[in-house]
Amino acid sequence: MAAELPGLAIEKHFYDVVVVGAGGAGLRAAIEAHEQGARTAIVCKSLLGKAHTVMAEGGIAASMGNVYPEDNWQVHFRDTMRGGKMLNHWRMAQLHAQEAPDRVRELEDWGALFDRTPAGLISQRDFGGHRFARLAHVGDRTGLELIRTLQQRAVQLGIDVFMECTVTKLLTDDEHGMVGAFGYRRESGEFIVWQSPAVILATGGIGKSYKVTSNSWEYSGDGHSLALKAGATLVNMEFVQFHPTGMVWPLSVKGLLITESVRGEGGVLKNSEGKRFMFDYIPEYFKAETADNEAEADRWYDDHSNNRRPPELLPRDEVARAINSEVKAGRGSPHGGVFLDIASRRTAEDIKRRLPSMYHQFKELAEVDITKEPMEVGPTCHYVMGGVEVEPDTAAAKIRGLYAAGEVAGGMHGSNRLGGNSLSDLLVFGRRAGASAASHAAEQKATTPRVTDEALAAARTAALAPLERQGGENPYTIHAELQESMNALVGIIRTESELQQALDKIASLKQRIQNLSVEGKRRYNPGWHLALDLPNMLTVSECIAKAALERHESRGGHTRDDHPTPSPEWGALNLICSEADGSVSLTRQPLPQMPDDLATLFKETPA
Amino acid sequence: MTYQAKLRVWRGDAEGGGLRDYTVEVNEGEVVLDIIHRLQATQAGDLAVRWNCKAGKCGSCSAEINGRPRLLCLTRMGDFDENEVVTITPMRTFPVIRDLVTDVSYNYEKAASIPGFVPREKGPDGVHRMQQVDVERSQEFRKCIECFLCQDVCHVVRDHEDNKKVYAGPRFLMRIAELDMHPLDNLDRRKVAQENFGLGMCNITKCCSEVCPEGIHITDNALIPLKERVVDRKYDPLTWLGAKIGRRPHP
Ligand SMILES: Cc1cc2nc3c(=O)[nH]c(=O)nc-3n(C[C@H](O)[C@H](O)[C@H](O)COP(=O)(O)OP(=O)(O)OC[C@H]3O[C@@H](n4cnc5c(N)ncnc54)[C@H](O)[C@@H]3O)c2cc1C
Ligand code: SF4
Ligand code: SF4
Ligand code: FES
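So the protein lines, in turn, are chains A and B.
If you're matching positions, the first sequence starts at 0 in numbering that gives the first Met the number 0 and goes up one per residue.
If you're matching positions, the second sequence starts at 0 in numbering that gives the first Met the number 0 and goes up one per residue.
Heads up, a few of these hints could be off.
With a cut-off of at most 25 Å between alpha-carbon atoms, the simulated BS3-like pairs for lysine-lysine come out as follows [stated by the list, open to error]:
id : chain 1 : residue 1 : chain 2 : residue 2
1  : B       : Lys163    : A       : Lys351
2  : A       : Lys210    : A       : Lys509
3  : A       : Lys286    : A       : Lys253
4  : A       : Lys362    : B       : Lys142
5  : A       : Lys286    : A       : Lys274
6  : B       : Lys121    : B       : Lys163
By construction, these hints were calculated from the structure, which means they are not laboratory data.
Put together the whole structure using the sequences plus the hints.
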């Protein structure tokens, strides 16, 4: 389907559905769109199989009830909403909880091999905030299993994949909404355009705006920013998840993730005095379901029905804040974290079998044997709850023909995501996005939309600017400054003055990127690639800082030192970001109202 | 703990290139990829390298360090003497695109040509039941992060471009073995393994297993058993069935 566009010499393709992103969400969306009969293309920045999803460790949350038959979608729904401090879009949380089990079983039909229970079913493990053991997993490399399974399925179906291509602009017109996507091949630096009436964003998150992060270079918030620039809206951007357990030493690996399964498998957090400090940080909100003594907490691993959950397995925002406080109070570990101890709690053999990649990671990168010594851990920027505002049932964004699924979509996780709920989110909403995009494209077929030469010429000129400029700013320097600021000023604990400072910094960096220049040519040039990612990082950083400044309360992944408690008024509001003339503006929007039959699920007190 | 390391990095593209010397700062605990990144940020902004996870999980950052195929993110600078020159070159078996980035499409083409998974029917209760011991054999191979270091090192293709047409390489022969040992898969792939993917050309030197960053026993647990089954197939289907059910992997 490729054709040269006369005059501009840009490689051009025609599809019904273009999926931007080849992580779990993108692959699942593409499979569905293809199966619904749409001519589908996948575009991704890295090689196939390398997207962030590959790094997920712990598991996929789905109430299959293989280990605890009492589990069901209502309990999962309730856990998810409470974990998100009720700011989640109830309908997304409902669909997610209802459909996750089928999505996991479907992976098995496509060749996935999950760990098994003694009865031969898919095994399920414990994770923070989940009332029952609910995470389907493969050791601690669940993401690899998920992405490989979907990748192999997509390849088997013959879906076209454009690897190592970066989309830099969504193309729209007033009549049709979405008409295509524009980007470049990283390898050659040549431009490329996909013309299509439906585009699905599945680009993942934003963590590369932070210095200490578990995220890779790909997480420059491209999808968030592309959507905003095309006229769509973002929701919940103030909520950024800091995972409590990142590595802190050596510096080279600071931020690298240590899976929550270490705690799910029995690992506990201790301060420099050897105290299991999490018992001091049980919030009122979770008191009824959290063990207040070590004996009960320890019994829970074998019997969830008669004991309450250990406080180490509180939702991530709670644990991250607790670690932060311990370190601030001077009870931290030598390199500014706390201790995560599994060595004294499980046998070496069990640790190696259940947490093989953690064992490997510490051995190789920190020369620590986790079967003998505790790990040093501290919070790391991990996940963005905020994302493109979508319609729950269809994953449709506010622009016709634009869809979003996975981490780039917002609403599902409210103010804080539970572990394991992302991988299931990718599958549930990836599939829904694929189906809606395919049916939208089918309706559009008669009127083939057009991409204009002027639009392409403008996109190309913008992309080439940093290569043509001499003696301007170095993109690596600007990136480092942004990361420092976001980490220091828009981190776990926020205040008005620091947020204001961050916004000033972002404004000045936005000026400076007008003058970026990079050395070298177009062929596989990382400096140039970074120069093109920077505007996206600045846009999402601005969204996060602005929304964080506006929300005068503390909730989930947003803690304000100057507004330390949740407020009922804010608990009924979402902040929506939109963009006009290159700057972000906010509107307050009432939370969608949960129907009564679901609302009653929150009245009963938990066991 | 900080010192200045001597680095020699291959720079160039398909048209040609050569080794270039750099002096770069190294701090405690850093891996080679950190040093490459520092080089990019301070001296060579356009130095091409692939990476994603920086944790040995994605298999993007494959290259050759002092001639040995390795992941840049799992190779610690501490493994080398401070005065030693560390030489970093792209994987030799694949065509260079630029600097440390190679064209690995050979691997994606082989992956696409392998007959896909064909599951058996579900049990009467609508689920697939499998025991842990039975999934473990294929699980070992599914740990593969597709770094293609084994493909890079295997002598069948390393110096014999022509063989690429007829030889899938250890990673993809292992994929066939994985499907062959998969408890749910129903397709017999022994014939294609031999005839279309060149299983017979592997002479079990085990170089692939030695470089695998995941420590997968590619030769012992995948290739040799697959070879045995190919032989069995010619005589007795029952032996094959026995092998499929009875074999346990190398520890
Ligand atoms: C270390 C780690 C461990 C985790 N563990 C778990 C876990 O155990 N359970 C769980 O549920 N969640 C976990 N998560 C979270 C979860 O893995 C991610 O949220 C999820 O994988 C995101 O998937 P995705 O499909 O949305 O995006 P990704 O998998 O990140 O894929 C994004 C895709 O978009 C492409 N892309 C981005 N921008 C562009 C562009 N401009 N042009 C073209 N392509 C583009 C990328 O190349 C990539 O292919 C973990 C996350 C990390 C970092
Ligand atoms: S054992 Fe076979 S596949 Fe592995 S390196 Fe030797 S010849 Fe190649
Ligand atoms: S088998 Fe090992 S060496 Fe080969 S691609 Fe997979 S992980 Fe890499
Ligand atoms: S960067 Fe992922 S394996 Fe090295």
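Handout entry: Hints not upheld, ascending by number
Key = 1, 3 and 6
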